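Undergrad: Please model the complete structure; the sequences and the hints are all you need to start from.
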Amino acid sequence: MTTHPPSSSAPVSAPSLFLPNPHHPAPERNQPRLIPHSPVSPFMNGDPSSPPVHIPALHTMSLKRRPSHRKDIGGDSDGEEDTQDESVIRGLMRPSVPKSIPAHLAPTALRVSLISAALGMLVGLCIQKALRLLWYAWPNTTNMHQSSSPVGLLARTGDIFASPQLNAYLAAWALFHLAEFWITAHWNATRLMEDSFLLQNGIAYHVAHLAGLIEFFVRHLLWSQGSVKAHWWSYVGLGLVVAGQIARSLAMVHAAGSFSHEVARGTKRADHTLVTTGIYAFTRHPSYVGFFYWALGTQLLLGNPLAFCVFAVTLWRFFRHRIVGEEYSLKQFFPKDYEEYAKRVGTGLPFI
1 MTTHPPSSSA
11 PVSAPSLFLP
21 NPHHPAPERN
31 QPRLIPHSPV
41 SPFMNGDPSS
51 PPVHIPALHT
61 MSLKRRPSHR
71 KDIGGDSDGE
81 EDTQDESVIR
91 GLMRPSVPKS
101 IPAHLAPTAL
111 RVSLISAALG
121 MLVGLCIQKA
131 LRLLWYAWPN
141 TTNMHQSSSP
151 VGLLARTGDI
161 FASPQLNAYL
171 AAWALFHLAE
181 FWITAHWNAT
191 RLMEDSFLLQ
201 NGIAYHVAHL
211 AGLIEFFVRH
221 LLWSQGSVKA
231 HWWSYVGLGL
241 VVAGQIARSL
251 AMVHAAGSFS
261 HEVARGTKRA
271 DHTLVTTGIY
281 AFTRHPSYVG
291 FFYWALGTQL
301 LLGNPLAFCV
311 FAVTLWRFFR
321 HRIVGEEYSL
331 KQFFPKDYEE
341 YAKRVGTGLP
351 FI
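Counted from 1, the sequence shown has number 205 at position 205 by the UniProt record's numbering; the numbering is strictly sequential.
Bear in mind the hints are in silico, worked out from the structure with no lab data behind them. Small disclaimer: the values here were computed from a predicted structure and weren't measured. Among the hints, erroneous ones may be present.
Said to hold, decoys possible - When the alpha-carbon atoms are kept at most 27 angstroms apart in a straight line, the in silico DSS-like pairs for lysine-lysine are as follows:
| no. | residue 1 | residue 2 |
| --- | --- | --- |
| 1 | K336 | K268 |
| 2 | K343 | K331 |
| 3 | K229 | K331 |
| 4 | K229 | K129 |
| 5 | K268 | K331 |
Claimed, not checked - Restraint ranges, calculated between C-beta atoms of paired labels, are given here:
| no. | residue 1 | residue 2 | range |
| --- | --- | --- | --- |
| 6 | K336 | F217 | 51 to 61 angstroms |
| 7 | F282 | G257 | 18 to 28 angstroms |
| 8 | H104 | T267 | 24 to 34 angstroms |
| 9 | M193 | D85 | 39 to 49 angstroms |
| 10 | F318 | V218 | 19 to 29 angstroms |
Glycine included, each C-beta is placed from N, C-alpha and C at the ideal position.
TA: Spelled out as structure tokens, the structure:
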């Protein structure tokens with residue numbers, strides 16, 4: 001009688017479940033156990049009489065694993081690692097829920113996004129040409145376009161628009177107003193407004209900057225014959241712009257919730273504290289000092305002697321009046337502390 005080897009579908013004897021099979025080595029630790037199946041047939045071992053193997057899709061698979069009571073030699077079970085892996089997978093598979101903006105805030109959000117986009121585009125357009133100030137030997141275009149014809153005038157105007165001084169000024173102006181909003185949003189969110197860009201700073205502010213631009217263009221078109229060579233005062237102005245911006249930004253960061261674009265009058269706010277540390281240890285009004293020298297630096301950067309003098313006188317008178325009113329309120333809010341603070345630290349502005 002001929003004996004046939006047992007088929008693959010024959011039942012396995014009980015001892016073989018516990019004894020290692022030399023032909024099929026045990027899987028390594030922490031490796032997934034794979035269900036054997038044929039790549040070309042949905043049936044187990046390719047036998048049509050066997051039930052088909054059902055492989056669930058990824059999104060229908062249960063991430064729970066059967067608790068294992070086995071402990072490896074010399075260590076605990078890997079249940080904690082499995083739990084961490086499962087939580088990561090759940091986080092990746094879970095769809096994110098966007099936060100909606102209330103309907104009544106939609107117009108404000110639209111205006112804020114448009115202002116931010118416009119200022120950011122201005123910085124992007126100007127920053128590359130502004131970096132040419134790092135090379136002192138910027139080419140002098142005096143002998144390039146001397147013609148008084150409309151074509152020559154247009155060519156000189158193009159040279160002026162491409163000048164590193166003008167582009168550095170425009171980039172610094174846009175960054176200043178972006179920083180006003182960004183810092184307020186991060187360190188002083190309870191007082192964040194659409195006007196935190198400080199673009200609605202009064203008509204006089206915009207007229208002053210426009211007058212400075214007019215002086216820059218007229219001087220180069222009529223007297224300098226289109227010359228846009230950078231001189232030493234442009235670099236002094238650039239240094240004042242950077243120093244003023246740093247002082248202004250640090251003042252807003254160190255004061256945080258106690259900082260306000262408006263002078264506090266009348267009743268003291270509950271969260272208003274007297275800040276005497278950080279940059280306030282060197283000047284009582286670092287935000288005013290920063291803006292004062294930043295504004296003067298913009299006109300030195302452009303090489304505007306007339307606008308520089310007008311800016312200096314106007315801003316000095318403005319801040320003197322503002323500081324007197326602000327310190328009167330601070331002495332009411334912090335009578336003893338502010339008196340001692342004012343004796344130790346100056347305003348930082350000349351003759352104030």
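Undergrad: Now tell me, hint by hint, if it's right for this structure.
TA: Results of checking the hints against the structure:
Of the pairs offered as hints, the one joining K336 and K268 holds, with about 15 angstroms between alpha carbons and a cut-off of 27 angstroms not exceeded. For a cut-off of 27 angstroms, the pair hint linking K343 to K331 stands: about 13 angstroms separates their Cα positions. For the suggested pair K229 and K331, the alpha carbons sit about 50 angstroms apart, so the restraint of at most 27 angstroms is broken. With a CA separation close to 13 angstroms, the supplied pair K229 and K129 stays within the 27 angstroms bound.
A hinted pair counts as satisfied when its Cα atoms are at most 27 angstroms apart, and K268 with K331 qualifies at roughly 11 angstroms. Remark: the range hint 51 to 61 angstroms for K336 to F217 is upheld by a beta-carbon distance near 53 angstroms. A hinted range of 18 to 28 angstroms holds for the C-beta pair F282 and G257, which are about 21 angstroms apart. Take H104 and T267: their Cβ atoms lie about 28 angstroms apart, and the range 24 to 34 angstroms holds.
With their beta carbons about 46 angstroms apart, M193 and D85 fall inside the hinted range of 39 to 49 angstroms. For the pair F318 and V218, the supplied restraint of 19 to 29 angstroms holds, since their beta-carbon distance comes to about 26 angstroms.
Hint compliance for this structure: hint 3 is the single one not met.
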